[in-house]
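Asks: If you want the building blocks of each chain, they are given just below.
Number of protein chains: 2
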Amino acid sequence: MSEFFTLISPDEARARILAHVKPLGDVEAVPTVEAIGRVLAEDVRSPQILPEFRRSTVDGYAVRAADTHGASDTLPAYLKLVGEVPMGQVASFEIGVGELAVVHTGGNVPPGADAVVMIEDTNRTGEDEVEVRKPVAEGENVIQPGEDIDEGELILPAGHRLREQDIGGLMAVGCTEVKVARRPRVYVFATGDEVIPPHEATKPGQVRDINSYTVAALAEQAGAAVTRGGILPDDFDTILARTREAIEAGADMIVLSAGSSVSVRDMTAEVFNQLGEPGVLVHGIATKPGKPTILGVGNGIPLIGLPGNPVSAFVQFLMVCTPVIYRLQGAEVPPTRFVRVPLAVNVPSTAGREDYVPTRLVERDGQLVADPIFFKSNLIFTLVHADGLLRVPLNATGLEAGEMVEVRVF
Amino acid sequence: MSEFFTLISPDEARARILAHVKPLGDVEAVPTVEAIGRVLAEDVRSPQILPEFRRSTVDGYAVRAADTHGASDTLPAYLKLVGEVPMGQVASFEIGVGELAVVHTGGNVPPGADAVVMIEDTNRTGEDEVEVRKPVAEGENVIQPGEDIDEGELILPAGHRLREQDIGGLMAVGCTEVKVARRPRVYVFATGDEVIPPHEATKPGQVRDINSYTVAALAEQAGAAVTRGGILPDDFDTILARTREAIEAGADMIVLSAGSSVSVRDMTAEVFNQLGEPGVLVHGIATKPGKPTILGVGNGIPLIGLPGNPVSAFVQFLMVCTPVIYRLQGAEVPPTRFVRVPLAVNVPSTAGREDYVPTRLVERDGQLVADPIFFKSNLIFTLVHADGLLRVPLNATGLEAGEMVEVRVF
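Taken in order, these protein sequences are the chains called A and B.
At position 302 of the first sequence (counting the first as 1) the number is 301 in numbering that gives the first Met the number 0, and the numbers step up by one without a gap.
At position 106 of the second sequence (counting the first as 1) the number is 105 in numbering that gives the first Met the number 0, and the numbers step up by one without a gap.
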């Protein structure tokens with residue numbers, strides 16, 4: 000038995016593989032409207048200023064601010080109405096001393112005017128006369144040209160993963176096409192003599208493939224184009240041949256959901272070493288669940304051996320594979336965001352190991368608390384019933400009820 | 000001017016429209032592998048137990064626990080090796096008194112045995128002899144049949160939105176097809192004489208359509224099938240005709256990104272009242288940004304008038320439309336999850352109004368803090384540069400630097 004692990008911390012494990020992973024560098028142009036979740040391949044700078052014209056932020060009257068100075072309920076200013084600026088056009092007239100014009104929210108502020116008085120602070124007192132009961136300062140209720148973004152200003156940097164509002168920002172300045180990183184091609188294999196496809200009936204001793212599906216879904220969420228390579232037997236030659244075929248077919252990353260027994264893990268490690276230099280980088284991580292995770296790189300292609308256990312595979316995918324898929328796209332690896340909530344019960348742990356405990360988030364006395372789901376052995380339904388993962392830090396010997404803890408919400 | 004709003008709180012506004020929205024009730028069967036993000040139309044119960052056989056959680060030897068009692072480094076138990084259980088099969092033999100057999104992680108525990116001793120606690124001392132140096136209790140390192148899930152047990156309830164791990168759980172018990180709610184058909188229109196499509200060049204006074212795209216993306220994220228209906232002029236008859244056409248074409252929900260001026264808002268409200276009973280339910284919400292939001296229902300179809308301002312439209316979509324789209328699918332409306340972090344600077348506010356301030360999350364002294372982006376008038380690029388929305392509660396008159404605050408992370 001070569002169970003001779005050097006267990007390293009999750010942070011160190013991730014850093015070790017990321018040190019060998021380079022962005023693919025392949026770029027494709029896609030319509031902005033289809034670019035959500037894609038990673039920008041280059042800085043996007045604004046081709047124009049925004050807004051392009053002086054806009055009112057309120058419904059009201061464009062004025063010269065000086066004409067309203069001192070105006071009050073008891074001593075209003077009376078100004079002459081000289082027109083209205085229709086939406087979608089700019090004013091065809093100028094505001095002179097003692098004059099004002101109707102403007103709508105978002106509409107153009109005509110030349111000569113330097114502020115907008117809100118409709119609520121006025122009264123129409125005649126055909127072409129308006130009473131102003133409140134002074135405005137110069138620039139009040141006006142957005143200046145370029146105030147939202149300047150021409151040539153950086154809108155979004157290379158490496159940014161596009162969100163809904165980013166699409167809007169790009170559309171606002173007419174960027175209807177963007178250059179993004181090609182989706183990394185991730186091949187996912189399940190291995191194990193006991194594993195059968197989900198649509199088949201189990202014979203005694205067999206279990207259905209879970210990990211091909213959860214892993215594929217998580218990889219797609221991270222931006223990958225996934226090929227499910229099916230279920231491979233626990234046979235060195237077969238696994239080596241099929242992973243080599245995947246690489247020849249253009250795989251950018253290989254994920255094996257391997258069995259959890261030591262012999263199978265050793266086989267996975269040996270396959271990785273055959274797939275190119277440097278081969279295996281991490282053989283075992285000081286974490287639970289997920290200790291038997293194997294990380295490697297072969298000729299620049301990340302090689303991941305996830306434990307067969309579905310909870311371990313799920314947790315380690317989030318901790319290691321998601322950052323790797325981001326890196327392949329040239330994306331900044333986003334920090335893991337936790338919610339901080341009180342813990343409902345004591346949670347035991349072992350110092351020197353980072354634990355992730357599937358956890359419900361439940362209301363108790365009007366407050367959200369973390370209620371861990373205790374489990375014997377990482378059953379898939381602990382994850383199904385969980386709202387997130389409770390993190391027990393590397394050096395904690397346990398967490399106490401009532402303590403504030405960190406939960407990574409699904 | 001009929002600027003005669005009755006402003007109600009965001010919670011009350013949401014409750015008022017949700018009270019009129021019923022789940023569509025249409026069901027479709029989809030392959031489980033394509034069902035991520037879909038909402039279950041019926042309870043799913045397990046057709047079988049899981050696991051289906053006694054499984055070992057470790058690499059080691061299946062034993063009768065009683066045979067290991069008292070075993071220690073100085074006084075090991077010596078047991079007779081009678082076989083190995085191959086993965087994917089069940090044992091063809093039984094473990095008798097004084098006997099043991101090799102089992103792998105996840106493999107079947109043979110009849111007669113009632114525990115598994117870990118390989119690390121043993122030595123192979125002969126062809127068919129193993130030294131056991133540590134006792135195991137009955138049931139130790141064994142998962143019992145049905146321990147993960149029982150036959151007939153509820154796996155996931157109707158109304159649950161499927162996540163990656165749920166797909167795995169369904170696959171584990173052979174559920175390769177699920178019944179889900181039909182995607183709600185959401186029609187999104189931009190309105191405004193000043194609005195042009197993003198690919199066109201602006202003339203003075205014109206702005207490009209942003210909201211059709213951010214709103215469509217957010218609606219799709221919530222599970223909707225979206226039709227972008229294009230840009231409509233500020234013309235009552237046109238807007239009424241086009242929304243009626245959408246309803247005749249099968250719309251389950253209408254979203255107008257309307258202008259922000261009072262006259263346009265009044266026009267939107269009048270259109271909603273023409274589209275059926277009860278018409279407008281909410282005309283203005285005590286929130287910033289998003290005060291001019293209009294909510295209505297016409298013959299059971301939710302009608303949403305978002306402010307034209309892109310930040311307002313984005314925030315109010317999250318606050319109101321996402322819950323409505325969930326409800327149309329029969330889904331439990333998920334609680335909004337906030338991260339709690341310290342605030343970097345003072346934030347002024349007005350009591351009686353719930354504010355959402357676009358905010359960066361930045362590291363300061365090794366801690367994540369909320370650094371609000373102050374803005375004059377909800378410019379789209381404040382959202383592009385933000386990591387989330389800082390919530391200023393309804394009754395706060397402001398928040399102080401250093402205070403713990405809630406941020407809804409994008």
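For the record, the hints were derived by calculation from the structure and aren't laboratory data.
Wrong hints could be hidden among the right ones.
Identical copies go unnamed one by one, so any copy, or any two together, can satisfy a pair.
[As the list claims (entries may be wrong)] Taking lysine to any residue pairs in the SDA-like style, the calculated list, with each CA pair at most 20 Å apart, reads:
no., residue 1, residue 2
1, K202, P85
2, K202, V81
3, K79, G249
4, K290, G24
5, K133, S71
6, K202, A350
7, K287, E139
8, K290, I195
Please read these numbers as outputs of a predicted model, since none were measured by experiment.
Asks: Next step is simple, just say for each hint if it's right about the structure.
Replies: Taking the hints in turn, this is what the structure says about them:
1. In this assembly of identical chains, K202 and P85 lie within 20 Å of each other by CA distance solely across copies; the values are 14 Å between and 75 Å within a copy.
2. In this assembly of identical chains, the alpha carbons of K202 and V81 never lie at most 20 Å apart, being 87 Å within a copy and 24 Å across copies at closest.
3. In the homo-oligomer, the alpha carbons of K79 and G249 never lie at most 20 Å apart, since the shortest distance is 73 Å inside one protomer and 50 Å across protomers.
4. For the identical chains of this complex, K290 and G24 are neighbours neither inside a copy (32 Å) nor across copies (45 Å), given an alpha-carbon limit of 20 Å.
5. With identical chains, the CA atoms of K133 and S71 are at most 20 Å apart within one copy only, with a shortest distance of 5 Å there and 91 Å across copies.
6. When the C-alpha separation of K202 and A350 is checked against a cutoff of 20 Å, the pair qualifies neither within a copy, at 41 Å, nor between copies, at 65 Å.
7. For the homomeric pair K287 and E139, the shortest alpha-carbon distance between copies (19 Å) is at most 20 Å, but the shortest distance inside one copy (58 Å) is not.
8. For the homomeric pair K290 and I195, neither the shortest alpha-carbon distance inside one copy (24 Å) nor that between copies (56 Å) is at most 20 Å.
When held up to the earlier numbered hints, the structure conflicts with 2, 3, 4, 6, 8 and fits the remainder.
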